[in-house]
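**Q** Sequence:
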Amino acid sequence: MSVTSADLNNDKKLDLAVVNRDRNMVGILLGYGDGTFGAAATYPVSSYPISVISADFNNDKSLDLVATSAGDHRVCVLLGYGDGEFRTQVKYDVGSYPLSIVSEDFNHDGNIDLAVLNAGESTFSVLLGNGDGTLLTQVKYEVPSSLSAMISADFNDDGNLDII
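Going by our numbering, the sequence shown opens with residue 1, and the numbers climb by one from there.
If you are wondering where the hints come from, they were derived from the structure by calculation, not from laboratory data.
Watch out, some of these pointers could steer you wrong.
Capping the alpha-carbon separation at 30 Å, the derived lysine-lysine pairs in BS3-like fashion look like this [claimed, not checked]: (1) K13 <-> K91; (2) K61 <-> K13; (3) K91 <-> K140; (4) K91 <-> K61; (5) K12 <-> K61.
Pairwise CB distance ranges (calculated) [stated by the list, open to error]: (6) Y141 <-> G33: 37 to 47 Å; (7) T42 <-> D162: 30 to 40 Å; (8) D22 <-> D154: 33 to 43 Å; (9) Y141 <-> K12: 35 to 45 Å; (10) S148 <-> G35: 23 to 33 Å; (11) M1 <-> T36: 17 to 27 Å; (12) D154 <-> A40: 20 to 30 Å; (13) T36 <-> V139: 40 to 50 Å; (14) D22 <-> K91: 15 to 25 Å; (15) L136 <-> N160: 12 to 22 Å.
Using N, Cα and C, we set each Cβ at its ideal position, and we do this for glycine too.
Make the full structure from the sequences, and use the hints.
**A** Here it is in structure tokens:
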């Protein structure tokens with residue numbers, strides 16, 4: 001199970017997005033700000049979702065979600081309306097068994113991009129964001145086998161984000 005916390009409905013209270021692998025869904029639980037949450041609203045995603053993250057991929061100041069789907073080697077983008085509800089998924093091909101995902105502005109253009117660890121083929125995919133919620137076709141890079149997670153930060157202090 002993967003979960004992320006963020007303010008998905010712009011009420012300044014943390015909400016949860018939770019992957020449900022058995023039902024191929026992402027569940028949204030809106031927080032009340034007192035440690036409790038409302039009933040889950042669910043959104044279908046592709047086969048066997050593994051990870052979920054939130055970021056603003058279309059620059060509308062509302063958070064969106066991306067889930068990895070290991071069953072069909074894709075990432076699924078759900079653009080948020082800003083009220084805790086999301087549009088129907090848009091799917092993008094990545095490598096085999098996408099396991100881990102990070103979002104950052106990797107190319108310094110002001111738009112959020114994705115990096116996806118493809119555990120089934122020892123690669124990671126970078127999908128650059130267009131700033132309107134769409135992503136460019138993936139570019140793959142080889143990595144050592146048996147990786148199960150990835151992070152991004154400026155590890156060598158050169159002003160550019162690194163992915164490990």
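**Q** Work down the list of hints and note, for each, if the structure agrees.
**A** Against the structure, the hints come out as follows:
Restraint check for K13 and K91: the C-alpha separation of about 29 Å stays at or below 30 Å, so the hint holds. Between K61 and K13, the direct Cα distance comes to roughly 16 Å. Compliance with the 30 Å bound is thereby established for this hinted pair. Between K91 and K140 the CA atoms are separated by roughly 17 Å; this keeps the pair inside 30 Å, and the hint holds. Restraint check for K91 and K61: the C-alpha separation of about 22 Å stays at or below 30 Å, so the hint holds.
For the suggested pair K12 and K61, the alpha carbons sit about 13 Å apart, so the restraint of at most 30 Å is met. The hinted window of 37 to 47 Å between Y141 and G33 holds, with their beta carbons roughly 41 Å apart. Between T42 and D162, the C-beta spacing of about 35 Å keeps the proposed range 30 to 40 Å intact. Between D22 and D154 the C-beta distance comes to about 38 Å, which sits within the given range of 33 to 43 Å.
For the pair Y141 and K12, the supplied restraint of 35 to 45 Å holds, since their beta-carbon distance comes to about 38 Å. A C-beta distance of roughly 30 Å is found between S148 and G35, which places it inside the suggested range of 23 to 33 Å. For M1 and T36, the hinted distance range of 17 to 27 Å is satisfied, since their beta carbons lie about 19 Å from each other. A beta carbon spacing of about 36 Å between D154 and A40 contradicts the range 20 to 30 Å that was offered as a hint.
Judged by the Cβ atoms, the range 40 to 50 Å given for T36 and V139 holds: they are separated by roughly 43 Å. Between D22 and K91 the beta carbon distance is about 20 Å. The supplied range of 15 to 25 Å therefore holds. Distance hint for L136 and N160: a CB-CB separation of about 19 Å, consistent with the stated range 12 to 22 Å.
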